[in-house]
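The hints should help you fit chain Y onto chain A, whose structure is shown.
Chains A and Y are the protein sequences, given in the same order.
The numbering used here applies: residue 1148 is where the first sequence begins, and numbers increase by one.
The numbering used here applies: residue 27 is where the second sequence begins, and numbers increase by one.
To be clear, the hints were calculated from the coordinates, so they are not data collected in a lab.
All values derive from a computational prediction rather than experimental measurement.
A couple of the hints might just be wrong.
[As the list claims (entries may be wrong)] DSS-like mimics (lysine-lysine), calculated; alpha carbons at most 27 Å apart, straight line:
1) A:1217 x Y:67
2) Y:48 x A:1183
3) A:1217 x Y:62
4) A:1183 x Y:62
[As the list claims (entries may be wrong)] Distance ranges between label pairs, derived from CB positions:
5) Y:42 x A:1228: 38 to 46 Å
6) A:1155 x Y:40: 29 to 37 Å
7) Y:42 x A:1163: 49 to 57 Å
8) A:1155 x Y:53: 26 to 34 Å
9) A:1201 x Y:140: 47 to 55 Å
Using N, Cα and C, we set each Cβ at its ideal position, and we do this for glycine too.
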Amino acid sequence: GEDVEQSLFLSVREGDSSVINCTYTDSSSTYLYWYKQEPGAGLQLLTYIFSNMDMKQDQRLTVLLNKKDKHLSLRIADTQTGDSAIYFCAETPSGGSYIPTFGRGTSLIVHP
Amino acid sequence: ETGVTQTPRHLVMGMTNKKSLKCEQHLGHNAMYWYKQSAKKPLELMFVYSLEERVENNSVPSRFSPECPNSSHLFLHLHTLQPEDSALYLCASSQERRRNTEAFFGQGTRLTVV
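Extracted from the complex, chain A is given alone in its bound form:
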């Protein structure tokens, strides 16, 4: 299986909350990231969480980490049409060169 897994699509109504989920396999991951890719653009870091944290909040974004289940989620409150993009989960291992491993990305579609 893949090292980082995400569902491919999520569709929500404007104003609702979006929850994007990710599972990973490397229990030694130190940092876990959420990147956002808008159409025609590269990936841009949205937020990250250190592996000794359970939760991190940053304005409309909430990241939850369940280290036991190796599950990471990104919650976007009050989702707007501008949030429509592909969201990538990524991890960096504890050793080696800290090269991030990415999932396939979840396409978030926000409709009015």
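Relative to chain A, chain Y alone:
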């Protein structure tokens, strides 16, 4: 603008052509990466350069040839490509060896092989 610039943004090439993709960063980073993004596949790491030395080459076919002349520039030389090589090629840079290392991505080159 992320500080990582890729040119060209779009490229159409025949299977017998030779072309090069260019990536430039002025963020003072010491690591640069090439990724391939195809539809319905995970983001694939192709090559990593750290301090201008190639440190990773993920079983990429020899028709892709990277070059890193200095820490600010990275090239991907292409020759005799196949239609399945059509994809978005993303360059990224980071300050490697830092634990929390954010990768900064360019906008990508959309490559179509005909």
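Do the hints match the structure? See the list:
no.	hint	result
1	A:1217 x Y:67	21 Å, holds
2	Y:48 x A:1183	23 Å, holds
3	A:1217 x Y:62	26 Å, holds
4	A:1183 x Y:62	16 Å, holds
5	Y:42 x A:1228: 38 to 46 Å	44 Å, holds
6	A:1155 x Y:40: 29 to 37 Å	32 Å, holds
7	Y:42 x A:1163: 49 to 57 Å	51 Å, holds
8	A:1155 x Y:53: 26 to 34 Å	31 Å, holds
9	A:1201 x Y:140: 47 to 55 Å	50 Å, holds
No hint from the list above goes unmet by this structure.
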